[in-house]
Amino acid sequence: MDIRELQGYANFFMTIFLVVLLYGYIIHLYRSEKKGESDYEKFGNIALDDNIDSKPIVPNPKTLKENEEENK
Amino acid sequence: MQSNAALEYDYSVAKLFTYTTILFGFLGMLIGTLIASQLAFPELNYMLGEYGTFSRLRPIHTNTVIFGFTLSGVFATFYYVGQRVLKVSMAESKFLMTIGKIHFWLYLVGALAATISLLLGYSQSKEYAQYEWPLDIVIVIIWILWGISMFGLIGIRREKTLYISMWYYIATFLGIATLYLFNNMAVPTYFLTDGLGNFMHSVSMYSGTNDALVQWWYGHNAVAFGFTVPIVAMVYYFLPKESGQAIYSYKLSLLSFWGLMFVYLWAGSHHLLYSTVPDWMQTMGSVFSIVLILPSWGSAINMLLTMKGEWNQLTENPLIKFMVLASTFYMLSTLEGPIQAIKSVNAIAHFTDWIPGHVHDGVLGWVVFMIMAGLFHMAPRMFKREIYSKSLLETQFWLQTTAVVLYFTSMWIAGITQGMMWRAVDEYGNLMYSFIDTVAVLHPYYAIRALSGVLYLTGFLMFAYNMIKTMTASRELTQEPQFKSPMA
Amino acid sequence: MFHWLEKNPFFFSVGVFVIISFAGLIEILPNFTEASRPVIGLKPYTVLELAGKEVYKKDACIACHSQLIRPFKSETDRYGQVSLSGEYAYDRPFLWGSKRTGPDLHRVGNYRTTDWHENHMWDPKSVVPQSIMPAYKHMFTNIADIETAYAEAVTVKKVFHTPYGDEFKGTREAWEAHKPTVLAEAKEVVKNMKNKDVKDAVANGEIPEIVALIAYMNRLK
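Protein chains in written order, with the working numbering: chain V, 1 to 72; chain L, 1001 to 1488; chain G, 2001 to 2221.
Hints are computed from structural coordinates only; laboratory data are not their basis.
Please note: incorrect hints may appear among the correct ones.
What the hints assert, rightly or not - Below, computed lysine-lysine pairings styled on DSS-like, alpha-carbon distance capped at 30 angstroms:
id, chain 1, residue 1, chain 2, residue 2
1, V, K34, L, K1251
2, L, K1251, G, K2007
3, L, K1101, G, K2007
4, L, K1251, V, K35
5, G, K2007, V, K35
6, V, K55, L, K1101
7, V, K55, L, K1308
8, V, K42, G, K2007
9, G, K2043, G, K2169
10, V, K62, L, K1094
11, L, K1251, V, K55
Same shape as in the complex, but just chain V (with noise of 0.2 angstroms):
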């Protein structure tokens, strides 16, 4: 086999595989949410309220406990 057509080869499986997970993302992204696992929309908010003092959507573990020790 030369270089070539490994090539052919690589190319058509790998954009296969890139392609399946593509769609796997666009389902998983749908049915998370169908489920109610996980609400992507609210993620918009992250733009629109963003004042330094305004409240995470999902707080950072490691800051909040930083934050919490100077409080204290």
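We have chain V; now place chains L and G onto it with these hints.
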């Protein structure tokens, strides 16, 4: 919580980059207008001797607009948006503040040195990668500094989820880093020859067809990661924030992101259709270019639908007008690009003025409009003053829109005319036109383009004036506006 | 399954990186082995021609001129035989260009003479009345940097094994020894030129940029 009450976002680095955006925007467009006029009126080539010819100035135009204006705009908006969507202030970390400052000053020095080097004729002659190796090293350092800033901020963030704009900024960082490094691989001749010849000179690691492949893999994707990805980052933040409407579909924005990442990189070889590059690769370039419409339109439609039910804002708020027009031009040029990548269309379009036409409806209509709107949105919040003049903003909008339309329509006609004339044959199969016939016929279109350059530049000067007045003389604000930017 | 993507910047970055490198890896790397093979009989550029190529790069001729003849009858009729990959084997960088404001130059050596180039670079309108190309009079006074061109030849010989002779060495002595060869080549070009200043310069051992550029143009066949 007490400690947070006094904490504010720190915009000092964002402000610095705002100044360079205006400076390099003006320079880049001034040179652009000059070289456009030179094509219509060649006498204009002789104003600066050796340093004023079209050929010497053209790389300076492209590089100043890409690496001067656009990158400044990307950095300015990043240092603004980054803090806000991560809900962390740069003032919270002395280290990041210092890095940010060094990032800016090194960038300014680097950009000026790079411009001078091109003026003196130091050039690798690879499009958008002209800078010689010492400057490449400076650029790499600047880029690393930006990376440290970005991931540093991410490291101390309060908001765990990365907003979609951050995704696009990260992709910009990674994409340009990879592309730039590989394309600029070169061997400096000075060190291998015991100090013979010019210190600045280097020779490309790739030759001929290989070099072409790497160059257009870079060239095409530098457009992707310089002119598309970070601008999408901007629109995903500024449009929702200015209008008070959340993104129409956050899920669609995530999907378009991965789609764009995957597809864009394949399309580079459409610059090499009918060249000596292997056939299957050319076909690949064509096919993926067409698939590329999907993720691009995914983003664009998402932006437009964000305005659903709120279209009245379009008449009330000129900034919304800028952003909606930018999104529309994004749709136009992401449709036009794939059309040009179809092999039979490319046979006519390649090497003609249709290509600069395509680049400019993207850049003038989409990139510059979006960056200007972003900076206008930032100004009242950074300088705590309202925007100086709404009527100036409106005038600027219509002036520049007219200019863009004049630009791309004249170049469409010029390009197709020339492409058809090159291949026209008489009844015996002989070529009908000598090359110079196909140049002479373009004069009116070149003149129209020069005019459109003057109009656009005037509009940009209005923007600069409006911004400077906003910074210095406008009415002060007591409170940060939540959504719509206040303007007089 | 995909939840960590939104919240973990490290894995997110790795993911983006893999996806964007993928096309490059598949598309570009494997082709490297084949595409750089020169066509039979192709000689590397002489030092004078390399210096001319430097002038071509310095003044960004690439902004308006291509060096790529595409496989259409209209192009082969106008410019000559279709360009082959192997003809570019010694072109570092490639100079195909992306815009033809002026005509293609890949085989310009076949149909333009030294004399024509001299007139044209001095005043394009004197040979092509409707031309919009600027005159490049500074090339008649600027001196070409042949030392750097020599350094380039030595570098590509060392690093990429471009077939230059054994006399190409990275030392000042070797360069001084090679210099007369370059001058002799320049004198050949100047024979067909008429500009007095250029002739004088070459007689005094200095090579104006125009001479190097014409040597390069004549080589493009």
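Hint-by-hint comparison with the structure:
1. K34/V to K1251/L: Cα-Cα ~13 angstroms, so holds.
2. K1251/L to K2007/G: Cα-Cα ~15 angstroms, so holds.
3. K1101/L to K2007/G: Holds, at about 28 angstroms.
4. K1251/L to K35/V: holds (15 angstroms)
5. K2007/G to K35/V: Holds, at about 20 angstroms.
6. K55/V to K1101/L: holds (29 angstroms)
7. K55/V to K1308/L: Distance of about 27 angstroms is within 30 angstroms: holds.
8. K42/V to K2007/G: It holds: about 14 angstroms lies between the C-alpha atoms, which stays within 30 angstroms.
9. K2043/G to K2169/G: Distance of about 18 angstroms is within 30 angstroms: holds.
10. K62/V to K1094/L: Distance ~19 angstroms between K62/V and K1094/L Cα, so the pair holds.
11. K1251/L to K55/V: holds (22 angstroms)
In this structure, every one of the numbered hints holds.
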